[in-house]
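*Asks:* One line per chain: the protein sequences are A and B, in this order. FYI, in our numbering the residues of the first sequence are 1 to 345. FYI, in our numbering the residues of the second sequence are 1 to 345.
One or more of the hints may lead you astray.
Identical chains share a label here; the pair holds if one copy fits it or two copies do between them.
[Unchecked claim] Dumping the calculated SDA-like pairs for lysine to any residue here, alpha-carbon to alpha-carbon at most 20 Å:
#1 Lys180 - His270
#2 Lys241 - Thr211
#3 Lys271 - Pro2
#4 Lys220 - Asp246
#5 Lys241 - Ser79
Quick caveat, the hints were computed from the structure, so don't treat them as lab data.
Below, each chain spelled out in residue letters.
Protein chains: 2
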Amino acid sequence: MPELRRDPVIGRWVIISTERAKRPDQFGGAEIEKEELAHGEKCPFCEGNENMTPSEIYALRKPGTKPNSPGWEVRVIPSISPILSIEGDLERRGHGMYDLMTARGAHEIVIDTPQHLRESQLSQEHITKSINVVLDRIHDLERDPRIKYVLIFRNFGKAAGGGHIKHSRLQLIGTPVNLKRVKEELAGTKAYYDYKDRCIFCDLIKQELETQERVILESKYFIAISPFASRFPFETWILPKNHSCDFYKMDRGHVPDFSGIIKTLFAKMHKVIGEFPFNLVCHTAPFRRDAGKKGYWETIEQDYHWHFEILPILTRVAGFEWGSGFYINPLPPEDACKSVKAASL
Amino acid sequence: MPELRRDPVIGRWVIISTERAKRPDQFGGAEIEKEELAHGEKCPFCEGNENMTPSEIYALRKPGTKPNSPGWEVRVIPSISPILSIEGDLERRGHGMYDLMTARGAHEIVIDTPQHLRESQLSQEHITKSINVVLDRIHDLERDPRIKYVLIFRNFGKAAGGGHIKHSRLQLIGTPVNLKRVKEELAGTKAYYDYKDRCIFCDLIKQELETQERVILESKYFIAISPFASRFPFETWILPKNHSCDFYKMDRGHVPDFSGIIKTLFAKMHKVIGEFPFNLVCHTAPFRRDAGKKGYWETIEQDYHWHFEILPILTRVAGFEWGSGFYINPLPPEDACKSVKAASL
């Protein structure tokens, strides 16, 4: 049975996943990963192959078409190898000094398109539809009181854990605990707000717009920047220019503008470095069902600001990074910004 | 000029390394990394090739031999592409809301052996000599007031950023800031000590010895365990059984016992999974030149406990991990422990 275990020293949660388990002797030997579908292998995410996946949770469909049959534009299914399971109660327990809980939560795949397209081939319209579906899914997951946070992410390419099936898709993981990385951001944004009575991300956007050194793109409602302390070459953040802590409460009228900046940004990046392995993650505020709670919750709507982080995997993370929690980046973000900004489409 | 930059939100430091810099257009295309020395390429770490490296900082030498010539057993050199530079003053400055400092510090390579041996071929005697040299180096680096912390690490194998030259070596990086990962541990151990008046690692060792579920090996002074919340398959920690916060103050009489447990542990792991890519990092207390400081420093000698972390790189870290700060491990640590413990040598 999969379990969530907490490191007693630093509070980091780990999922011990039995769904993806291997025996100890299966880890040896050189790693061989397929890069593409094998000859004759069918893509489970393509229209017409709906019977290869678990039953769909949700879909954007043409009128009159039935669930789990062709006729969809965006389709949401449970993960084929979920790291958290939606069934059963959430149990928390101790084991001496250790803390653990049953691995309950949601793990869904949002298939961006019925055609066998790669991430780089998505149109602005594909992205708009897909984001609207993601927003719908988060509203639905909010109703499950076991879920504290929904992480939205996309992995592309072998080095980024993207898998060998190159059919564009996003993932949603709803977790029963708040995420360490997000807690760190919440603590940082709260400390800044307590000191200055301003949102740190709003100040950051203001400074970036003034200096223009790291602004790659600007649209009506969004901005794409190379962050000042980029961990990775070509790391890019996309932020809404107007303050908002909740991604899922985005004005639906702004979605096409958001898709547009994503599409243009990736097209420009592809011009500079070609198609590249990347992870994309959305950092947004946790659900706030316990209104009036102290701590982060007190000022979260004022101090937190949602954003997307695009993390190209072009360098290796080694012992220094794991051991220290700090990163070595061989490309100044100002140079990355300049080259992407200058790319003509 | 290389710079240290601080993420304004979560306080993570990043080194923008110009020594290892590439132009933006050099990041594209498929990654081609050499796995071994090319035909005719000489190893700069081998005895006889001392002129291929910067001048040695320190060496364990046979009597009568001269620096930068053959006759050494362990040799310490500055990194050929240092991420921090020892020359010049440490300057701290702000740039609007951002903080940065000059990338000052130390980056040294400790060559374990004059022969062209891989990590897996080191004898207990090699490891003992090498650790004694590392301890000497940390005592020396402590005298440089710009250096707050010395991170000791080892990268082996391509997936772990180990480089293509398979000549066994350790690295030391002396940083002008305390490391985020270590700060998190210090905060966790202090909170536990404040609550219980005991060291959390001492309690952890006690519980592990009682249950025996995750104890791989025990020597006279050390213990090797599979941590309860292992992030990676076969993750292993080695801890001193007696409480101590400073690795570099280890009783020199205990070094052969420490080398023995490392040698046996790796030999057993190799039996189960063969030679494997890994990062090894040492977590120890920071230098305490400002005695009497508040915060972590108050109780650090009572509450912190140094240890080595061995992190096999057998799985990929993807968007979920980067985005959340939590990990998915497909192998329960109890199973990893059982298989390594049972391996006969």
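*Asks:* Going back to the hint list, which numbers does this structure go against?
*Replies:* 1, 3, 5
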